[in-house]
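Asker: Chain A is already provided as a structure; the job is to place chain B on it using the hints.
Residue numbers (my numbering), protein chains in the order written: chain A, 1 to 183; chain B, 1001 to 1190.
Quick caveat, the hints were computed from the structure, so don't treat them as lab data.
Computed from a prediction, not measured in an experiment: that's the story for all the values here.
Treat the hints with care, as some may be off.
Calculated from the model, a selection of chain A residues having no Cβ within reach of chain B, i.e. all distances over 10 angstroms [claimed, not checked]:
#, residue
1, M1
2, W96
3, S99
4, L106
5, N157
6, V160
7, A162
8, V163
Here are some, though not all, of the chain B residues that point toward chain A, as calculated from beta-carbon distances under 8 angstroms [claimed, not checked]:
#, residue
9, Q1019
10, E1020
11, Q1048
12, W1070
13, F1138
14, Y1163
A virtual CB, placed ideally from N, CA and C, is assigned to each residue, including glycine.
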Amino acid sequence: MNCEDFNDKLPEFLDGLLSAPEQTATREHLQQCLCCQKSWRHQAVLAKSIRLAFKQETDGLSLNPETRRNILNACNQREPRRKASDGVLAWLAAIWRRSAWTGAVLFLLLLLIFRGVLYDRPTTAPALPSATAPPRKLCVIDVPIKTKIHVSRTEKNMMVDAVIPSVMVAQATFSGEAKPSSH
Amino acid sequence: MPESGNSGAPKARDSFDMQEFVALHGDRLVRSAYLLCGDRTEAQDLAQETLIQAFKSWSRYRADSALYTWVHGILLNLCRRYHRKQKRLIYDDELLRNESMATTAPQSADLDYCGRTLAQAIRELSLEHREAIVLRYFDNMKIHEIAHQLGVSEGTIKSRLHYAVRHLEDLLPRELNQFVSDGTDNNGLP
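In isolation and in its complexed conformation, chain B is listed as follows:
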């Protein structure tokens, strides 16, 4: 859960200890930013802007959710703005082809390659589906928390997750099977 580090119920705090927050959640925030935007350099900028913006508007934090969740909400907004800007840019087809060749070329048939291929497939998802997947499987949020965070219904989140997962399966049936069958399968029922 995103509350790891903020154990227990969220409490109203009198000050925002940025140093402590960065130490606890800084790396996680930049990783989440990277998964959402797909660019490591941009992820650093997004994380920086998110934290500074959170600090400035901290008085608006109502403590009805964990501090990390609130900060992550700011990150989501900034990522959406980033994607809107990206859409306006003219994308070079040649660059796209080179990038996709560089990231998906089968360098080896091991787990590492399958993981990278899956990550590449996740990057190809639409922003809405990627947000749902990242919040669910990276930030480990529950369905109702994702729904609250994105401002949509739980049914919508389930639907987005369902289609996102189906899309991933369509893209990667063989690699995924190889990837997940290597000791990660769980045959025991709960």
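Just chain A, with the same shape it has in the complex:
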């Protein structure tokens, strides 16, 4: 054992928590090494002085009678007993506490459940033409849309200009009677 090992094991040595071989090795090192003897003695003395300081500082301090009464009054209202459900609840609570994944999985599940509500629009079947509604007429509009739209937008702090050469009409609604094309 070297001095570094000794210093590392010193707290356990002082607590008597080392195994028998470790305890023997530590004691042998301590008897041979003057430097570690000094360190050990210093630690022991320091620990004793800190304990004494704590004792002096807290001597005479006790739970006030009023505080004691408050505690007992609060606790005398109902004596808690272990219930059968406590075991199950505690088990669930332990899972909840220990597994950060539980939260993540629940979140994902909720996201999947509500995704349809949030993002998917309800798809409704096209209404069948009723007998009373006027028959639909198919109209062809031969109006070429020739335009150039100049757009500009900011992208990464730079102005980007673009010209859109053509426009496609995706959906249009017309009202009134369609007239046949003259040409």
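Answerer: Just chain B now, kept in the frame of chain A:
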């Protein structure tokens, strides 16, 4: 050890006898609270809140540690909350100066003064270092118990204790030497 009063391995109990617990550990708990928060009045409040909270949430006690250790864990959480609140308060510099003068003025050069000075130095430690020192030297917990209680590794606890003790030595070399050399030194090897 904190198990004093709860001798032997911790056992699952069917009820929490608060009267018995207060009689056995009440004073110790309030002293520990005082060392952690540094205020006697606040220590009473913290101990009261700790015990009432422990009683209410007693069904969560799993008996994998001593009852006192579990209750002390609640106290640690409440002390941390107390310190967070204190940080938000605007502290009067003048008050701080007066307090420190009142507690550190050399009234006498005896052991009592050295003990008080050391206690004052301990109060000046950061909360993390103070927790480690109090659990180690007041509650007499072992390194692995402190690590379990604070939820950190044993190496971290050793490191915190090392720096806390070094800080105390830096603050109080002369007083500490006077304090510890008065018959408390132990020259005999184990």
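Asker: Take the hints in turn and mark each one as holding or not.
Answerer: A quick look at each hint next to the structure:
{"no.": "1", "hint": "M1", "in the structure": "holds, 15 angstroms"}
{"no.": "2", "hint": "W96", "in the structure": "holds, 12 angstroms"}
{"no.": "3", "hint": "S99", "in the structure": "holds, 16 angstroms"}
{"no.": "4", "hint": "L106", "in the structure": "holds, 21 angstroms"}
{"no.": "5", "hint": "N157", "in the structure": "holds, 39 angstroms"}
{"no.": "6", "hint": "V160", "in the structure": "holds, 48 angstroms"}
{"no.": "7", "hint": "A162", "in the structure": "holds, 53 angstroms"}
{"no.": "8", "hint": "V163", "in the structure": "holds, 58 angstroms"}
{"no.": "9", "hint": "Q1019", "in the structure": "holds, 6 angstroms"}
{"no.": "10", "hint": "E1020", "in the structure": "violated, 11 angstroms"}
{"no.": "11", "hint": "Q1048", "in the structure": "holds, 5 angstroms"}
{"no.": "12", "hint": "W1070", "in the structure": "violated, 13 angstroms"}
{"no.": "13", "hint": "F1138", "in the structure": "holds, 5 angstroms"}
{"no.": "14", "hint": "Y1163", "in the structure": "violated, 13 angstroms"}
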